[in-house]
Amino acid sequence: MPISDLSRRRLLLAGSCALMASALPAQALTQAQARQLVDAAMAEVQSIIDSGASEARMIARFEDLFDRYGDVPAISRSALGPPARGASAGQLSSFAAAFRGYMARKYGRQFRRFAGAAADVQGLREVQGYWEVISTMTLRGEAPFEVRWHVSDRSGQPRFFNLIIEGVNLLAAERQEIGTLLERRGGDIDRMTQDLQSAG
Amino acid sequence: MIRATPLLLTCALLAACAAPPPAPMGSDPHEAANRAQFEANLRLVSRFQSAEEPDQATSEPPRANPLRRAVSNIGENLGTPRRVVNDLLQLRPDHAFENTLRFAINSTVGLGGLFDPAGALGLHGRDTDFGETLHRWGVGEGDYLVLPLLGPSTERDALGRVVDLALDPLRFALTPDEQIAATVLRGAGYLAQVAEASDLLDANVIDTADPYAQARLLYLQTRRYHLGIADAEEFIDPYADF
Chain A
544 MPISDLSRRR LLLAGSCALM ASALPAQALT QAQARQLVDA AMAEVQSIID
594 SGASEARMIA RFEDLFDRYG DVPAISRSAL GPPARGASAG QLSSFAAAFR
644 GYMARKYGRQ FRRFAGAAAD VQGLREVQGY WEVISTMTLR GEAPFEVRWH
694 VSDRSGQPRF FNLIIEGVNL LAAERQEIGT LLERRGGDID RMTQDLQSAG
Chain B
49 MIRATPLLLT CALLAACAAP PPAPMGSDPH EAANRAQFEA NLRLVSRFQS
99 AEEPDQATSE PPRANPLRRA VSNIGENLGT PRRVVNDLLQ LRPDHAFENT
149 LRFAINSTVG LGGLFDPAGA LGLHGRDTDF GETLHRWGVG EGDYLVLPLL
199 GPSTERDALG RVVDLALDPL RFALTPDEQI AATVLRGAGY LAQVAEASDL
249 LDANVIDTAD PYAQARLLYL QTRRYHLGIA DAEEFIDPYA DF
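Chains as they are written, first to last, in my numbering: chain A, 544 to 743; chain B, 49 to 290.
Source of the hints: derived by calculation from the structure; they are not laboratory data. A couple of the hints might just be wrong.
Claimed, not checked - Here are the simulated DMTMM-like pairs of lysine to aspartate or glutamate, each with C-alpha atoms no more than 25 Å apart in a straight line:
no., chain 1, residue 1, chain 2, residue 2
1, A, 649, B, 282
2, A, 649, A, 607
3, A, 649, A, 675
4, A, 649, A, 610
5, A, 649, B, 87
6, A, 649, B, 250
7, A, 649, B, 244
8, A, 649, B, 146
9, A, 649, B, 226
10, A, 649, B, 247
11, A, 649, B, 285
12, A, 649, A, 689
Isolated chain B (complex conformation) (with noise of 0.2 Å):
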């Protein structure tokens, strides 16, 4: 019954978007709704920054934190199964092996994640998620959405995130406890990594006229260069008006 939930859920989805070229900016049509997730998540991310760094106005280079960074590889770990079962749902066994290979190395010489190892020997894994997969049978994207917590997404990768806690193999290995544990971890991998790259934060997003645009746009073409989308249309010629 668990397992067949995902499958159910994405016949229904696939049903309802055949779907259509990606528009450049993408279809926000929540977007007064996005706007107020959207502040609502930044004001929780400056709460945050400025509990853990108490004087940011310095300008010396970020430097390696690497305790930020263990934690950071921890929940990157545990993450790392999920990829596996996504890229099998891909059809991408390449995929498969190369991240299956990269957690059995990080799991054991890397301390349970806490090391990249893999990294070093340059396995660094390829990321993937149930909305790719989405992707990959046909789904287009869908409007685009600003989630609680996890900001800016797509239907289609909002989707994907419910599914992909369903389908977690975690949820089979771990015992109840167990799991509790490594959502936490993983939660603390999630805000190490958004602090790793808070200097790209503040200067793309939030030190911007628009931060709400600004992040759409950043969100979308990252994520559809991530996806193989070809954005023909984005290519500009700046002289061709003149």
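Chain A on its own, in the form it takes in the complex (with noise of 0.2 Å):
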């Protein structure tokens, strides 16, 4: 039968593509991407510390910045942990938003010290299928730091999903830190979500 060989093998090769897609991962996005996506990010975290605006309006600025250039679902969803697997649709949306604003309270505050580093992207290498970024910040008269971005595009645009600053991966010390969250309120999602709004 022609017809059922036909839709056979279109399926097979449905199925192969499939196959490389998931295989690949890093093959979608290209290393010029993920540079170019650490370069915008840097450049404009950068001008939001030296504008000198008030720390409010830099916060808020910060959150922005991260739903534009950080995949916030995809951490949000990571730091929560395996009760994500269980939660509502609804539920991951708003504890996304809140998870947003508690981080860029928490860590805009700590970017202050950074008024007028210099940030430069030192290389690229692949981990297990991702672009990892490598770059350092240097403030006058100290030692270069290094921070790492893990890159990816799994969400439709390249985003990073994970920062590791001198060693510290970011992602582990938010999955602690909600992790505790989470038990200290016997597992309620929802009364985590309105704690962390005011929270960071």
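Hints are included, so try docking the two chains, each in its own frame, into the full complex.
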């Protein structure tokens, strides 16, 4: 039967395409795109820090920046850990919004230390199918420190999904934090989300 | 005899623990005792901070404090001879050279370490200790420990601190009175460093839901990073689960 033969072949083709796509995730995102994302994000961070705006204004701008350069849905779901599997879509999106604000407050305040710092991309490497962009921040008269960006386009756009700052894994730290917050509220994601809105 | 002590201790330790790969979150069987010590250290830090800065609720950006920086510089400079000894024990002549040059510049042009002209020249020095030397010799980190005053550590790094006291060249170069002065200055330098990083400590440890767990995570990750231990297990793939 030629028709079924054709559809079988098509299925096979579609299947192998899907397999290739999942086996080579980094292929979709080029090295240049990953680097471009980090370059743009760092330039924007620096312009916010050096703008001299009020702290509240800077934090609002960091939150917006995190939304545009980071894959907030994936980062927040990963920070939530295994309980994310049992959460509804509504719970996940409320949590993602609260998490975004909390991250901007917590880390945005610390960024003030980097006023006038020089940021440079040093190189890229592939880690488990993703791009890791290695950058350094240098404050005048001090030893440079390293920030590694993990970048993916699984969201449909090039976005970073984790930062490693001098060896400290940001997502690991936030998994620990969110895990504790959730545990203290008996696993109640809604209550934890509400409390997160005023944390950080 | 004094010189032989660290060697003996090290041999005993090397025999005791052949390095297994470190667990991602570290091994912490003494958690209850560690938590108690951690709480005690935090109370001490907060007393020190409130004594120094009466109004810490200000939202001003942290400004460089020249006096604090000078105290921290002096303490750092006094620790450099010990770093050079460890560089040599680690068979890293390039690090030993950089640290020696830094010590020579900052002790002279930098007025005994008060200023850091070497850093301005790009010679930031290579911080190291006997804990790192033990790591280079193949000793595993052991269990996580919280030390009085000094904070997070591991069995290997705590032993390293003891050995560092014994092999510090300043012990042989200074008179007993000078040694006491050097110890006081290094203590002050340590406190100044803690104060300089107080905003980071607040945001990433003290203000979190479980400061103990965050401090443990931050210490082990930064320590392993400094030692060059590739933490492949620490790669998190947020897309793997769905």
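Checked hints:
About 22 Å separates the Cα atoms of residue 649 of chain A and residue 282 of chain B, which keeps this hinted pair within 25 Å; it holds. About 14 Å separates the Cα atoms of residue 649 of chain A and residue 607 of chain A, which keeps this hinted pair within 25 Å; it holds. With a C-alpha separation of about 24 Å, the suggested pair residue 649 of chain A and residue 675 of chain A falls inside the 25 Å cut-off, and the hint holds. Restraint check for residue 649 of chain A and residue 610 of chain A: the C-alpha separation of about 15 Å stays at or below 25 Å, so the hint holds.
A threshold of 25 Å between alpha carbons decides the hint, and for residue 649 of chain A with residue 87 of chain B the separation of about 23 Å falls inside it, so the pair holds. Using a Cα cut-off of 25 Å, the hinted pair residue 649 of chain A and residue 250 of chain B holds, with the two alpha carbons roughly 10 Å apart. Between residue 649 of chain A and residue 244 of chain B the alpha-carbon distance is near 18 Å, which keeps this suggested pair within the 25 Å criterion. With a C-alpha separation of about 37 Å, the suggested pairing of residue 649 of chain A with residue 146 of chain B is violated against the 25 Å cut-off.
Taking the CA atoms of residue 649 of chain A and residue 226 of chain B, the gap is near 44 Å; set against the 25 Å cutoff, the hint is violated. Our distance criterion of 25 Å between C-alpha atoms is met by residue 649 of chain A and residue 247 of chain B, whose separation comes to about 11 Å. At roughly 23 Å between alpha-carbon atoms, residue 649 of chain A and residue 285 of chain B fall within 25 Å of each other, so this suggested pair holds. A threshold of 25 Å between alpha carbons decides the hint, and for residue 649 of chain A with residue 689 of chain A the separation of about 20 Å falls inside it, so the pair holds.
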